Structures are given as structure tokens and as C-alpha cells.
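Dock chains B and C against the given chain A, drawing on the hints supplied.
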Amino acid sequence: MKLFLIIFFVAATVALIIAGLYQTPTASADTVGITSGSSLLAPKPDTPDRALTLFLQDMQRRNWRKAFGDVAQANGVDEQAMMQEWSGSNGSLRTFSSLEGFQLWPLHESNDDAQIRAHMRWSTPVGPVEEVRDFGMQRDGNIWKVVFSKIEVPATPAQVVPVTYLRWDLVTGGESGSWGSRNVDAPRVRIISMNAVDSAEGTVIVGEVTNEDTVPAFVNVNATLSDEDGKVLDEESSFDRIAHILLPKEVSPYRIDFPGIPLADVKNVRMDVRPALVPASADPVIGVINQKIDKDAQGNSVLRGELLNQSGETVNIPHVIASFYDGNGRVIWVSDGYIDRALVPLGSEPFAVEIPRSLAAKVQSYHVVVNHYDLKNS
Amino acid sequence: MLALALACPTAAQEVTVPRSAVAGTDVTLSTTGSGKADFYLVGPGVASKSKVSLGEEIRVPGDQLRYAGKYLAIACSATCNSGEFFVTAAQPASLAFLVHPSRVPARQPDAVSGVVLLFDKFDNLVVASETINFQVKGANETLFSRAISTHDGEAWFRTSSGKTAGAVRLMAAVGDLSAQRALQQVASEPCHLRIKAQPTAKGIEVETEPVRDCAGNPISDGTIVTFTGTDPEGKISIDAPIKGDVARAHMKDAEPVVISAACGVAMSNELRIDLKR
Amino acid sequence: MQSETTIKPSNNYSRPIPLLAILLVALAVHGPLLMMQLPSGSFDTNFHIFFASHYVHHWFNPWNEKWFAGFSQTTYPPLTHQWIALFSNVVGLNMGYMLVQLIAVLLLPVGVYRFARIWVDETAASCAALGSVFLGALAFLVYQAGQLATVASAALYLNALPYFYEWMTSASKLSLAKGVAIGWAAAAAHHVTLIFGLVLFAGPVLWVACLDAHKERVSASIAGAIGRAIAFAVLIGAGVGIILLPYWVAIIQHPIHQIPIPHDSRANFLLKTTAGINYFIIPYGALILALPFILWRGASAQRLRPLLWGFWVTAIFGLGGTTPLPRWLLGRAFEILTFERFTFWATLLAMPIVGQFAAEWLRRYRTKAAVGLSIAAVGTLSLALAWLAINPYRPTGTLNVDPVDAFLNRDGHDAYRYLTLGFGNELSKVSTYTDASTVDGEYNSARLLPEMTHYGSAQLTNAKFYGSAGMDSLRSMLRHASRYGLKFIFVHDPYYEPLLTFAGWRKIETFDEGSITAWEKDDVPPAHRILSDAVPPAWQGLMWGTLPIGASALAIFLEVFFPNKRRVPVSIPVHPRKENQFVA
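Protein chains in written order, with this note's numbering: chain A, 1 to 378; chain B, 1 to 277; chain C, 1 to 584.
For the record, the hints were derived by calculation from the structure and aren't laboratory data. These numbers were taken from a predicted model, which means no experiment stands behind them. Watch out, some of these pointers could steer you wrong.
To be verified - With a cut-off of at most 20 Å between alpha-carbon atoms, the simulated SDA-like pairs for lysine to any residue come out as follows: (1) B/252 - A/284; (2) B/235 - A/290; (3) B/235 - A/277; (4) B/243 - A/284; (5) B/235 - A/347; (6) A/376 - C/508; (7) A/2 - C/292; (8) B/235 - A/301; (9) B/235 - A/363; (10) B/243 - A/168; (11) A/231 - C/291; (12) A/231 - C/480; (13) B/121 - B/88; (14) A/292 - B/88; (15) C/215 - C/302; (16) A/2 - C/291; (17) B/243 - A/167; (18) B/235 - A/293; (19) C/507 - A/277; (20) B/235 - A/325; (21) A/2 - C/302; (22) B/243 - A/312; (23) A/376 - C/511; (24) B/252 - A/160; (25) B/202 - B/252; (26) A/2 - C/207; (27) B/235 - A/337.
Isolated chain A, as found in the complex (with noise of 0.2 Å):
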């Protein structure tokens, strides 16, 4: 019996620990963040797929050094470059960024070489960003090897940029002095345009804000839905799809989603729109340039265009929010993407929204701005 029950226990054990192994992992044990360490048991990357997954895992924990290891060497790629590559730099949204999850798709496979399709999914401060992105695999004895190829980043030369700084700032002045003698106004702020959109998943109102005055807007645009008894549906903001601050005469779109809510069932759309005077700078001028409407690879209408830096200071998160018109010059939606590369002075980075298919027919122009973040001035 006392034998019987050792062996029980032990073989029990095994057994179980062997079943773990192969159990598929909960996402419910995975936090991001916190160093996970290493596994214990680590598969040979004996198929591309293989490789490129190690690759991946080795990277998403920042283990540099052993994600390297996994890089075929020939294309001359150092383990800063790549380090730096992936991890991003200047402030950039990448660098807050973590890999979340991946799925490989594989695009041809030889007997020495393969191509993978990687698309990956980053957990960032503004939400989940996806990425695509193809990898090239290399046969190296009896295992595979990631050709790491380092996407080419234009330097910018040296060069003297002038900078000429404009500012307000607000001054509250003490605590004394006599009634009305420090009354200042709020901005004045007008909503130029506004339109309710039937979306896939709810209602959407969108449309555009200026600021009519002499001195910077802080804005936020909130719409409160009712139905046909006046009761509120729900109300919502145009949280971050919006420039919060508008300098004089900007024009910044909107957009404000109600997820769940169709159109149909909405009688009434209250906007209320509430400025208020902060201080602002008028740096840095970012300009849009090459804007074109295309088609991606799924064949979707996407706006395309690059950002183009052309003040002194970097642009740590661009964020590109475009409004688009029909034929009357109605604002028919609102899309909005971030940048995960900074913008160096005088340097410029791609972008791409998307336009929904079921209005892509009915574009006819657009307007975009350029939102940032900057760590310096946070």
C-alpha cells in the first residue's frame, strides 16, 4: 500500500505537470509589465515558425540579448540597433509600448528560406495599435533564423533651426482686489458642424469646432442623446478624437461615439460645447503633406499622407484626426490614427486613417489635423 501510494503520488504529479505543459496558457495568468523570467522549456525554433515566435516571445520580455541570438547576422544589424528599433526612441509612442500577442501567417516557406506575415498587437497609453509586418527566415544548420531588417530612418542633417516661441500664458493674479476687476471671458467657441452618422455599431456624431477668438480654446464637445419621449439615451465626449486646444481661428474636427445606440432610435442630439482659457503654445507647425485617398491591402479607402515637422523641437505622439466631406461640404465622418515614431525636427513620418466602406463612395475632400503630445510641455 505505502508503496502503491508513492508511486501513485509521484507518477500523479508527473503526470499532471506533463498535462500542464500542454494545456492551452490562460490569458488570465499573463500580466504585462512585470518581468515573467524565462521558461524552463524552451522548444528548438526548428521550423520558421517556430523561430519567429521564439523571436517574438524573446522580444515581447526584452530579452535583447537572446532575441539577437534568434537574428541571422548576415544583414550587418547590431543588437542596439535592433534594440532600438523595436523599442523606439525619442519619446515616441513605441516607447511606451509593450507586444501584447502576435499571429503569424506564412507567406512562401523554401527549403532554406521562408517569409512570415507577423501581425502584431501593442499595448499603448492611447489604446491597442496593430501592426503588420513581414519577416524574412534563413535556414542556419538545423534551425531557422529571423532576418531582422531595420526599417531605414531618414537622418536629418545638422542644421540651425530658428525658433521663435509663441505663448500664453495665464496669470491669475492674488487673491485680492475688487469685484469685476479680474474678470476674464472664456474663449468663445463655435460648432461649425455637426452630423449624426449610422454606424455598424451605434450612432456617431460628427463634425467640427473653431475657436473664434483672439486667444487659445481649451474644448471639449459633449453630445447627449434622447429618444422621441425625451428621455437620454446616453451621453458621451469626444475624448481624444478632438484637438483640445485650438489656437485662433483653428478648426478642429470631432467625433463622439455611442456604441449600441442605433441612429433610428434617437429623436434628439443635444451638443454642448464648454471652453475654457488655459495656457498654449503655438509650436510646433506640423505640416500634412502627399494627403492622397487610397486603397490598402484588404481594399480598404484609406487617407494617406505624411507629417512633416518643420519647428525645432520633436513631436514625441503625432495624432492625425481627418474629417471628411461629402459633395456639400458636410462633415460625413471622423477618423483618427497615432504615430508610433516621433517627429524629429524637420523630419517626416507616414500616416493612414481609414474611411469606412459604406461612406468611402461619398468622400469628396478632407481636412486634417495634427494633435501632439510632447513630453517636454506635458
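Same frame as chain A, but now just chains B and C:
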């Protein structure tokens, strides 16, 4: 206390009160009868009780009469008697001058308003009519100057904004008292936006001519001018702020390009540039 | 039997260690650490203090407006928090917590001793009790995890089980009364321990009672033992049903439907080595070396087999996702539970056998064994304490949150709700000392706001650690800032600043040399009360304020006024061993 007074039947002693008094000044009340009595004074912000001798004058110190309004004096011995009197505000000691707005575009009719409220040293509203001298002065002009009498303690004016951008001083004075406010008169909508372009080694340098409103006031720095270019590669747009009356943008373009600009409701001329020619 | 004849009773190493000496050792080891407030930096300490602070001000009103825009504290058994609240009137909240924790730590070796006496002789039981003072799992729970309620409840359960055994085997009514009262108090301290303790701890005790009855080592029959066990269970069940009635009502009214929240104790420790170190190596420490002996000895003696089964099942559960067994048996509950407590219970279940091992070694190797066992015990505790400083899970620790509280408590700022980002468990400390309320909170099971339950993340203050799920939850909450009056956000991690900037918050102040920044959104209206159907009625508040603390008072009363006669359940040599069986 009022109920107490009303409940008291008329008695031998009487309280004689002045018809009116001025806030902060002593008041003397006379009584008839004899013996001791309780004296109550009830008014805005005060309720006091003291012992008095009937037949003698009662002196109410000024610090008990600081607030304008109706006061009730009650004397009670075996029975109670009372009298009412009004305390009015003292001489104006301060004025509140409220001006709206704090920023105003030039040449706007009835865009500027101001209101004055007069108070004495105890912050009582002075309802007696006083004449307020209003003056609104721009950099080079007097926009408004008028003497206006207060009604129920306030006087107000409304006027148009001036032609010239800059600080505007608004003054209100009565006797030795005066208050001064400032508002910013700013340029109106841009007028006649014109742009010019210059090819450089790196592309095209586009800039506006000085941007002004229809009265010739320079548009405020920081105002956004949107430059738009169209070339075979696509559309170019740059939101550039005005700095020193002029907005500038740089377009990296070697292709033929059509450039225009807009600021508020103003549209610029259109430039066609072909660097290859 | 051969070796037993060689044991000399007069040998110092064969005599039981007095319980008072064990308590003094526990006091000497853990007293200074607790008085230095070492658990202050643990994960859950601030959480327990926060709960206790509510009872200080609202003993009979469990509805707490300070977290989640309002939640009911009936979702967590209150005993330890109420005792902290009572002590805090004299020594303050922090020291009140340390005192209650110290009491739990002192109750543990007593419980282990009494529990071990069911299985082994007095010397072995005293060795087990002394060993429990140095358990890595205990240090882990007290100083790293801050799981006060788990420790207190386990200690109480261990103290209740010998009465359960006595009641089953000798039908002692006093044992029944004491066992039931202590069991109620244990349930009032921690609900999870109650549910699993019934199976993992009481199961082996019932089994061994039946064995003893079968072998006629006790006067009871098997049927009698089982019958009395059922009576005991009914009394416990009925009492716990009444004492924790507001808890059951709350959990039935709002079952936990939220998306599972990641926790590394559910990981496969072989694939995630840091989790393996944290949840296996550190809690077990030198006990890992004793595992073969536990298995060998547990399987050798028939009386120890129930204990071995209990230990094995609990230990397998403690391995989290390393094996599929917990998932198979627990189903969806696997995604809700955390598994470090199972390891703690496993070590407690192992202690009688380990005590047996220690006693035998001491008899045999005397000073050498004493030195070796001491090094192993102290090494285990030291390793767990050292791990506090070097483990990647350690809380951020010493963040000065006083300026945040000062900001919230001035100029009417408490009319709005607030949020902290990057504060970790310091959130509870902020909440304890301000009148303002937050939409966040540290107790996941009490969350009802859809912005939190619809995503697989825990606290918003730690949103980034839950990846996209966490950030989506945070975005959803920020999107509804006006709805909740969420105007102020305090940031201790620049990671969140881009989101706040793009979402329309502005930095308005910096505190503590820039380590904390305050952000404000201008257009947010003042907070108003969020209507909830989870507000407990007054009668529940009255029950909550009287019955749990009453259960502990009853247990104390019975222990003090009806002390045990020095009677032990059974004293049976359980180890027929041959000398060469465990000589290396």
C-alpha cells in the same frame, strides 16, 4: 422679536424714533414714563437688548446701525411700546465697476457694456441718486464719455468698440471715487488675405502679406492660417500661426503645385508654381 | 518499533518544546518585524487598513462611498477589519493592523501545535509549531502579500479542528461549542478559507477520526463520528449562513461576472520562472527538501494518509496553472481565485509530518540536527524576507501620498471624484485619509461599474499592467468622467500622461518633487451619488456590526472561561520505521 412687539399692548411709556438715520452714525431715541425698562433693537444684522431708564433719552451707537434697512426699537417694562425707523446708506465709499467683455473685436456695435454699483463704507448699496462719469478711451480716441445718474444704486452704459486694436481703458468716477478697468480691443475677421511664394533650395517658402482686418488692424499673433497646396502627389495642408502679422509655411515640393490660404472666413489668392520650368 | 526502544525519554532533544517558548520565539521573530511595520509595503495591507478605517467611522453602515463610486463592505468578511478598527482607537490604524496581524501570527503556531497533535505526538507537534513560525509561505503572506484575513482565518481554523476531532471521537459538548465558535470566527475573518478549509482541512480530520474509530483507538463508532461531524457541519453552516448573511445576499444579488483578471499565481511555473520562484520556491523554502520525507512518511503510516492526501491536493492547487487539475476541478472559479493561499495551506498541512521528521532527526542526530533544522528554518524565513526587496512583483513602496490627500481635502476638491494612476497599493492609503471618493478601488470582487467589470483588468491605478484590457478599461472610465464627476487625476507614472493629454486633462500641480502630478479636466461637473441596488439595508448593517465580532467574542469567552483540560485527542505512535529508511 417682532411678534413680541406686536403682542405688547400700548402702555404708558412711548418710544420716539427719528424718521431716518444714516448708517454708522449715533441715533438718539426719546422715551416717556418712568422706571426701568428693557430696550430691544432689532434690525438687519443686529438684535440687542439693554436696560434703559424710561423718561431719559436712549443713545444707540453707530456701530449697531451699520446696515441699511428698517429697524425696530422696543421698550418694555410692564408693557411694551415700539417705533420703526429707517437707516439709509452713508456716503459712497466704493464703487464696483463691472465691464463686459474682456476682449472685443474692433468696430462692433454695442459690444462694450459697463455697470457701476455704489456702496458706502459698510458695503450698503447707495440708492440715493449719484452722477457717475463714464469714460472709455482707446489708444488714440475717446470712444465714450458721459455722465449718468444712478437709479436704485446702479448706473450703466453700452457702447460700440473702437476702430483700433489695443488696450481700452474704461473709467467710472463719482466724487473722489473712481475705478478703472481695461479690455482688449482686438482685430476683427481678416480681410484681403494675400499670399506670396518664393522658391528656395529646399522647396517653396509661402507666406502671407501682413494679415489685417478691414480696419487695418493686424490680426493677433497665433491666429491660424491654413495653407493648402495641391500637386500630382496629393494634397498638402499646413496650419501655420501668424507671427509678427505674417504666417509662413514651407512646402517641400518640386512638382507643379497650386497654393492657397484661408484664415477664418477670408480666402487668399491662388498661386500656381512649377519649379521645373 | 525497533528504533523506538532506543529513545531515551530523558534526552533533551526528545522532550516537547513548551508552547509558551514557541510563542515567545514567534513574538521575538515577528514582533519586531511587525512593530517596524514591515507589512506596510505589502500588496494588501493598505487595503485592509482602508476597510478598517470605514468601520472606525461607520461601524453599522457597510456602504462605503469612497471606492467604485460606492460599494458594500459586506462583500468581504469583516472580522479582522473590525478588530483593527477597535485597536485603532488606542494605537491608530497602522499599529492596529500590526497588532491584529501579530495576534494572527501568534495564533498560528498554537493552531499548528493543536492540529498536529491530532496526528503526531507532543514532541513532533511542538516541532511542527516551532517550524510554522519560520514558514516561507507565512512570511510571504504577511510581509509581501499582506493577506491578513487568510492568515488569521487559517490560524483560527487550525485551532477549531482539534475540537472538531474531539467532538467526533469523544462527543464532548464543550469541544463542540468551542469548535463551532472558533469556526464561526474563522469564517467571519475570511470566506475563501471557509469554503476550501472545509474540504482540505476538515476532510482529513474526519477521515482520521473514522480511522481511529474503526481501529477502536477512540471510544466512538464510525457512525457516531460521522453523525457528529454532520451535526458540527450543520451548526457551522447555519451559523456562518447567519453571521455572514449580508455577504451571501450581496454575492447572490451581484455574482462575480466580471472578465477574469490576470494573476501570475495561475501561470505555469515551469514556463514562467519568476512566478515559480515567487509562488513555489519562496513559500516552501527548505520544505522542498522535506518533500520526499513527507511523501514517504505520509504513505507509511495509515493515520497520516488522510493528511498526505490533503497536503497533495492542496499543493497541486498551489501550483496554479502548472497542472490542469485546479482548472478541471474549479472551472470558472479558477479564473477568479488566486493560488498562493493554497501553498500556504499546503505547508500548514505538511507541518505535522515535517514535525515528525524534525523530532526523529533531533532524537537521532541531536545537536547536528538542531543546527541543521535551525539553519533550514531561519534560511527559509530569511529568503522570503530578502525576496521582498528583490522580487519583480514588489510594490512601489514609499510613495508620499500626503500632498495628494491635502489637495483633495482643501478648496472643495472633495466635491469631485478622483483617480490615481501608477500608485499601486498606495491608492488605499490615499483613500483612507481623504473625504473624496474615487471610481477605482483595490477590491476586485466589489466592482460593479461596467467600465471596470467589462474588461479583464483589476485596479485602474495599475491599468498598464493589464495591457490593452487595462488601458481600454481606463479609457472607458475617462470617457465617462462627466458621469462620475471624475475631475482630478494623480499620476505617478508618466506612461499615462499621453492618454490624459489627448483626452483633455491638464497638468495643474506637481507634488513630492515632481514624483506625483495632479491633472484636471475643466468641464467636469461635481460628483453626485450613483444610484445602486447594492446598498445594504439597515438591518444588514446591524447584523454586520454585531454578529462577526460577536462570534469572535464568544470564542474568546469560551477559551478563557472554559480552558482545556490537558487532554490530547490520541497519542499513538504512528511511525513504524526502520532505521535505514531515511538515513542518507
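Consistency of the hints with the structure:
no., hint, in the structure
1, B/252 - A/284, "holds, 17 Å"
2, B/235 - A/290, "holds, 5 Å"
3, B/235 - A/277, "violated, 33 Å"
4, B/243 - A/284, "holds, 13 Å"
5, B/235 - A/347, "holds, 18 Å"
6, A/376 - C/508, "holds, 15 Å"
7, A/2 - C/292, "holds, 13 Å"
8, B/235 - A/301, "holds, 16 Å"
9, B/235 - A/363, "holds, 15 Å"
10, B/243 - A/168, "holds, 13 Å"
11, A/231 - C/291, "violated, 66 Å"
12, A/231 - C/480, "holds, 19 Å"
13, B/121 - B/88, "holds, 12 Å"
14, A/292 - B/88, "violated, 75 Å"
15, C/215 - C/302, "holds, 11 Å"
16, A/2 - C/291, "holds, 16 Å"
17, B/243 - A/167, "holds, 11 Å"
18, B/235 - A/293, "holds, 10 Å"
19, C/507 - A/277, "holds, 14 Å"
20, B/235 - A/325, "holds, 15 Å"
21, A/2 - C/302, "holds, 9 Å"
22, B/243 - A/312, "holds, 16 Å"
23, A/376 - C/511, "holds, 18 Å"
24, B/252 - A/160, "holds, 18 Å"
25, B/202 - B/252, "holds, 6 Å"
26, A/2 - C/207, "holds, 18 Å"
27, B/235 - A/337, "holds, 18 Å"
Checked against the numbered hints given earlier, this structure breaks hints 3, 11, 14; the rest are met.
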